[in-house]
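**Q** Below, each chain spelled out in residue letters.
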Amino acid sequence: MHELSIAHSLLDLVIKNAKENDAKKIISIGVTVGKVSGILPHSLRFCFESVALHSLAEDAHLIIEEIPCRARCSDCGREYEVVDYYSLCSKCDSSNIEIVAGKELYLSQLEIE
Amino acid sequence: MTKVIQLKKKIKAVNDSFATKNRELLASSGVMAINLMSSPGSGKTTLIEKTIQLLSGQLNIGVIEGDIATTQDADRVLAAGASQVVQINTEGACHLDASMIGQAMMEINLNEISLLIIENVGNLVCPAGFHLGENYKVMIASLTEGADKPKKYPSMYLNSDILIVNKIDLSPHLTINSQDIIKEAKEVNPHLAVFNLSATTGEGVQDWLDWILGVSLP
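If you're matching them up, the sequences are chains U and W in order.
Going by our numbering, the first residue of the first sequence is number 1, and it counts up by one from there.
Going by our numbering, the first residue of the second sequence is number 1001, and it counts up by one from there.
One or more of the hints may lead you astray.
Stated by the list, open to error - Using 30 Å as the maximum straight-line C-alpha spacing, the simulated DSBU-like pairs for lysine-lysine come out as follows:
id, chain 1, residue 1, chain 2, residue 2
1, W, LYS1137, W, LYS1008
2, W, LYS1186, U, LYS103
3, W, LYS1183, U, LYS103
4, W, LYS1003, U, LYS103
Stated by the list, open to error - Calculated from the model, a selection of chain U residues having no Cβ within reach of chain W, i.e. all distances over 12 Å:
id, residue
5, PHE46
6, HIS54
7, CYS76
8, ASP84
9, LYS91
No wet-lab data here; the hints were simulated from the structure.
Note that CB positions come from ideal geometry on N, CA and C, so glycine has one too.
Excised from the complex, chain U in its bound form (with noise of 0.2 Å):
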């Protein structure tokens, strides 16, 4: 959901990091997109080329790393992956548990020079 807004702000992030590092060039950008952050991988990498045209990025090569949605069981401490939002726990069939991983989204890495 809305990749494009969301690659506008990590351009800008990357332009404004990259350049608090003096860099010359901007050679790949490491990103980090959880399973459930309500963003596609393949649609913000299409975006992101997009908006990186004629940028410092333009030619940076993009790096997802994708998160597992994880899950602990507020119940029985059981921690596991979740294919859904939603699941009963693994081991004790409780709905009482919480996200613990996979709605992250931020820029882990810069490589320039």
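Once you've looked at the hints, dock chain W against the given chain U.
**A** What follows is chain W alone, placed relative to chain U:
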């Protein structure tokens, strides 16, 4: 010579930082804020009108209305007795964001209200992803929308604090009831607090009003 810089910069940081500023301003003025979200036509504006009318004299309520176009909702809540109203017309954007709310808040005298209701653009997908600086995310599901929506639109249910099941007065005409929706919703988010009501007839509204008073008054 190449250099690798490790970072952990949230991409939604800009919106989050506006949201934090909004929250701080609201807190310093002693104002509670709720972000009211739902599909178009679930009854957000009707519930706001009812809330304002029934709490008249007890609570000063400000409203920020978010719509793609028109001032119809702002006109309605003003007529219902809202203390202060600002209409945001997004002219195409499908959700409100924190910077829009920050700007709207500049037109409100926060010292004169205890509760700020933000009525988001009718949309069951996008508003869930954008913090506005609110204290509570409240979503409305009307009975007529069916019990399959929680699992089809999990992000909205997962990111909300409160679920209001509305239009319970239509129950006799439908094949599902409130419990059907609530069961599905709680499977997506067991932490949801639930209110069951009809904004039109007033049935069940008192519990909602009691909650509002409980969180808005010192």
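**Q** Now tell me if each hint is right for this structure.
**A** Status of each hint after checking the structure:
no.	hint	result
1	W:LYS1137 / W:LYS1008	27 Å, holds
2	W:LYS1186 / U:LYS103	20 Å, holds
3	W:LYS1183 / U:LYS103	24 Å, holds
4	W:LYS1003 / U:LYS103	28 Å, holds
5	PHE46	16 Å, holds
6	HIS54	21 Å, holds
7	CYS76	14 Å, holds
8	ASP84	7 Å, violated
9	LYS91	16 Å, holds
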